[in-house]
Amino acid sequence: MDAVHSCFKDKLGQAVLPGDVFSFAVSAVEDSAVRAEKVICGPGLRRNGDEILVCKSGILRHKAPNLYWIDSQQKRYVPVKGESVIGIVTAKSGDIFKVDVGSSEQASLSYLAFEGATKRNRPNVQVGDLVYSQFIIANKDMEPELVCIDSCGRANGMGVFGADGLLFKVSLGLVRRLLVPQSEIVKDLEKIFPFEMVVGMNGRVWVKAKTVQQTLIVANLLDSCENMTAQQRQTLFKRVAEGSL
Amino acid sequence: FVEERSGVGSVLREYGSEQNLLSKPDGSASFIQGDTSVLAGVYGPAEVKVSKEIYDRATLEVVIQPKVGMASVRERAREQCVRETCEAALLSTLHPRSSFTLVLQEVHDDGSLLSCCLNAACMALMDAGLPMGRLFCGVTCAIDAESQIITDPTAQQEKESRALMTFAIDSKDCSVMMSLTKGSFSVKELQQCIAVSQKASERIFQFYRDSVQRRYSKIL
Numbered sequence: 002m003d004a005v006h007s008c009f010k011d012k013l014g015q016a017v018l019p020g021d022v023f024s025f026a027v028s029a030v031e032d033s034a035v036r037a038e039k040v041i042c043g044p045g046l047r048r049n050g051d052e053i054l055v056c057k058s059g060i061l062r063h064k065a066p067n068l069y070w071i072d073s074q075q076k077r078y079v080p081v082k083g084e085s086v087i088g089i090v091t092a093k094s095g096d097i098f099k100v101d102v103g104s105s106e107q108a109s110l111s112y113l114a115f116e117g118a119t120k121r122n123r124p125n126v127q128v129g130d131l132v133y134s135q136f137i138i139a140n141k142d143m144e145p146e147l148v149c150i151d152s153c154g155r156a157n158g159m160g161v162f163g164a165d166g167l168l169f170k171v172s173l174g175l176v177r178r179l180l181v182p183q184s185e186i187v188k189d190l191e192k193i194f195p196f197e198m199v200v201g202m203n204g205r206v207w208v209k210a211k212t213v214q215q216t217l218i219v220a221n222l223l224d225s226c227e228n229m230t231a232q233q234r235q236t237l238f239k240r241v242a243e244g245s246l
Numbered sequence: 002f003v004e005e006r007s008g009v010g011s012v013l014r015e016y017g018s019e020q021n022l023l024s025k026p027d028g029s030a031s032f033i034q035g036d037t038s039v040l041a042g043v044y045g046p047a048e049v050k051v052s053k054e055i056y057d058r059a060t061l062e063v064v065i066q067p068k069v070g071m072a073s074v075r076e077r078a079r080e081q082c083v084r085e086t087c088e089a090a091l092l093s094t095l096h097p098r099s100s101f102t103l104v105l106q107e108v109h110d111d112g113s114l115l116s117c118c119l120n121a122a123c124m125a126l127m128d129a130g131l132p133m134g135r136l137f138c139g140v141t142c143a144i145d146a147e148s149q150i151i152t153d154p155t156a157q158q159e160k161e162s163r164a165l166m167t168f169a170i171d172s173k174d175c176s177v178m179m180s181l182t183k184g185s186f187s188v189k190e191l192q193q194c195i196a197v198s199q200k201a202s203e204r205i206f207q208f209y210r211d212s213v214q215r216r217y218s219k220i221l
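From first to last, the protein sequence lines stand for chains A and B. All residue numbers in the first sequence are consecutive under the numbering used here, ending with 246. All residue numbers in the second sequence are consecutive under the numbering used here, ending with 221.
Each hint should be verified, as a subset may be incorrect.
Pairs of lysine-lysine residues, derived as DSBU-like cross-links and limited to a Cα-Cα distance of at most 35 Å, are as follows [what the hints assert, rightly or not]: (1) B:K183 with A:K141; (2) B:K219 with A:K239; (3) A:K239 with A:K209; (4) A:K120 with A:K99; (5) A:K99 with B:K173; (6) B:K50 with A:K10.
Derived from the structure by calculation, the hints contain no laboratory data.
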């Protein structure tokens, strides 16, 4: 490991606060024997001259080889290009839909950005519908734009959904934990009974189980796992599965 | 709920805080200093009215609600102090054309209310995950009739004091970000009060760190 990585090393997996600085001896990097190493700063980290500044409170995480970011529990969503979110259609105006994704501005969604949609063949989208879609434009200076197709023009799971079921909000930290491949929370939950779930990166979660009662149970369990350790969660889920709650 | 008892010979009253205690706001915190207690809620980045829109940075709005009655001139003055301090700490250029709203509700005032507001504001901004370049904390000092410096005075001590000063201290180099003073004092006394506040701020920043650590301990 070189100088850049070693300055992060002792803080990995620990809570950091805004204003914390990671600095490394520039001379060590410029040394001819060491070639310049790149570090990618993810959410919560910013480059400030020769040092790296933390601008959010949370836990410092690392992914090999050189990606660092801050894992924080916030509630407000800020659009990021490429992320998939659950939006609510709020208006139809001309050839675009306005979609509420929970950020500071409504996103726009073109009616041509659906699978198989043409100028003559408009998709059937009503105000109030839920859409699972992806950001194609998201930056601080422009209106965010959504699409419901991938680069090959296929829906790939995106589009209007949610005839019944329940939509609710959780924190962005919990959403990220649910979306981790092989997420332990989802694994524990699906042992109880089968259900459908759509998770948007904007903190919205839609669930549907066989009955309304089961849907509510899943929603309440997901809501309560936010502040639980793995052990507490497993005990709770076991009690629910046995029907004692 | 995180609480810290001040040690022997320490100058601050007992203080404590709780983050993320309200469900509706994007970030919330309560801060208690002795019997003074403030509740803070942060909304943002949210939509902004066209009239208040700033094209290259976010608009910050601070509202202080008194315990009873309507907000008056005194609250307006405090709002301005808190707003200017928060503006200096926040990286508002990262969210242009949006708004941050900070609502501070006075729960009980037993002296040092402005410093308690500043501390609650900082905890709530951190909880909301808004981008900040530094942290800040508030410390109030009173100089009594015998020219003794009292940090974090109670309402009674404030009333008996000759001069009262509140400083917002920055976490990076412990510099003064904002000051609000009342009464008469010499330059030397002012310097002494700043030095005492800077010393006290270190403990508050350590407290911030401990509370955040405890909050994230479940998902480590």
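Evaluated hints:
1. B:K183 with A:K141: violated (42 Å)
2. B:K219 with A:K239: Since the Cα atoms of K219 of chain B and K239 of chain A sit roughly 20 Å apart, the hinted pair holds (cutoff 35 Å).
3. A:K239 with A:K209: Status holds; Cα separation ~20 Å.
4. A:K120 with A:K99: holds (18 Å)
5. A:K99 with B:K173: violated (43 Å)
6. B:K50 with A:K10: Not OK: K50 of chain B and K10 of chain A at ~44 Å, beyond 35 Å, violated.
Checked against the numbered hints above, the structure violates hints 1, 5, 6; every other hint is satisfied.
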